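Enquirer: Sequence:
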Amino acid sequence: MDASQDLWIFGYGSLMWRPGFSYEESRPALLDGWHRELCVYSHHWRGTAESPGLVLGLDKGGTCRGVAFRVAPTEAAGVRAYLHEREMRGSVYLELTEKIVFSDRTDAMALAYVSDAAHPQYAGALTREDRLKIIENSHGEGGPNRDYVINTVLHLRQLGVHDAELEWLHERLGGEKFNDQMAGI
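For what it's worth, numbering that gives the first Met the number 0 labels the leading residue of the sequence shown as 0, then goes sequentially.
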């Protein structure tokens with residue numbers, strides 16, 4: 000990316016509701032070729048090495064609705080360093096530059112952190128029940144794994160995004176059931 004241009008960052012999980020960096024603007028965005036999935040074992044933030052949690056990753060295929068953050072060129076190097084420390088802990092993600100599309104059909108290139116399917120912390124395809132059991136029983140530096148799932152669902156609802164898998168987990172973790180009236184929250 001050109002150092003004189005704004006930096007866009009695509010958030011699809013906790014980056015949506017806790018970016019941890021300053022930005023000029025945030026906009027809903029769509030990323031094609033990747034989908035949101037609880038496919039990464041967390042050994043630090045939402046679990047431990049002995050009792051891993053599950054966090055979201057971008058996995059191959061499909062599309063993902065999330066939030067894009069525009070960072071000013073003067074802040075880009077610091078934000079990239081922060082994100083590298085936050086997202087690359089354990090090296091389970093790959094940092095890619097991918098095209099995102101906004102609701103007005105304009106697009107931009109954005110940093111996206113995608114799951115490395117070859118990494119030992121890649122969880123791959125787990126059953127709903129396996130995911131639920133892991134999430135119910137894991138806790139890490141960032142708190143209970145269940146809080147991560149619940150916060151993500153609530154923020155997806157604010158975007159008008161219904162993720163059936165996450166909603167199923169959310170309901171079983173004690174969150175309220177999704178209904179059409181909540182779609183606009």
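Bear in mind the hints are in silico, worked out from the structure with no lab data behind them. There could be a bad hint or two in this list.
With beta-carbon atoms standing in for the labels, derived distance ranges [to be verified]:
id, residue 1, residue 2, range
1, G173, D103, 14 to 24 Å
2, V100, H161, 15 to 25 Å
3, Q4, W167, 25 to 35 Å
4, Q4, K132, 40 to 50 Å
5, T126, A80, 23 to 33 Å
6, A117, T96, 16 to 26 Å
7, Q4, R104, 42 to 52 Å
8, K132, K59, 17 to 27 Å
9, E84, G61, 23 to 33 Å
10, W16, E128, 23 to 33 Å
11, D103, E128, 36 to 46 Å
12, G32, E84, 22 to 32 Å
13, D106, A48, 34 to 44 Å
14, E128, D106, 31 to 41 Å
For clarity, every value in this text was computed on a predicted model and none was experimentally measured. Just so you know, even glycine gets a beta-carbon here, dropped at the ideal spot from N, CA and C.
Enquirer: Decide, hint by hint, whether the structure agrees.
Expert: Taking the hints in turn, this is what the structure says about them:
no.	hint	result
1	G173 / D103: 14 to 24 Å	38 Å, violated
2	V100 / H161: 15 to 25 Å	19 Å, holds
3	Q4 / W167: 25 to 35 Å	40 Å, violated
4	Q4 / K132: 40 to 50 Å	45 Å, holds
5	T126 / A80: 23 to 33 Å	38 Å, violated
6	A117 / T96: 16 to 26 Å	20 Å, holds
7	Q4 / R104: 42 to 52 Å	20 Å, violated
8	K132 / K59: 17 to 27 Å	25 Å, holds
9	E84 / G61: 23 to 33 Å	29 Å, holds
10	W16 / E128: 23 to 33 Å	26 Å, holds
11	D103 / E128: 36 to 46 Å	41 Å, holds
12	G32 / E84: 22 to 32 Å	26 Å, holds
13	D106 / A48: 34 to 44 Å	40 Å, holds
14	E128 / D106: 31 to 41 Å	38 Å, holds
Of the numbered hints listed earlier, those contradicted by the structure are 1, 3, 5 and 7.
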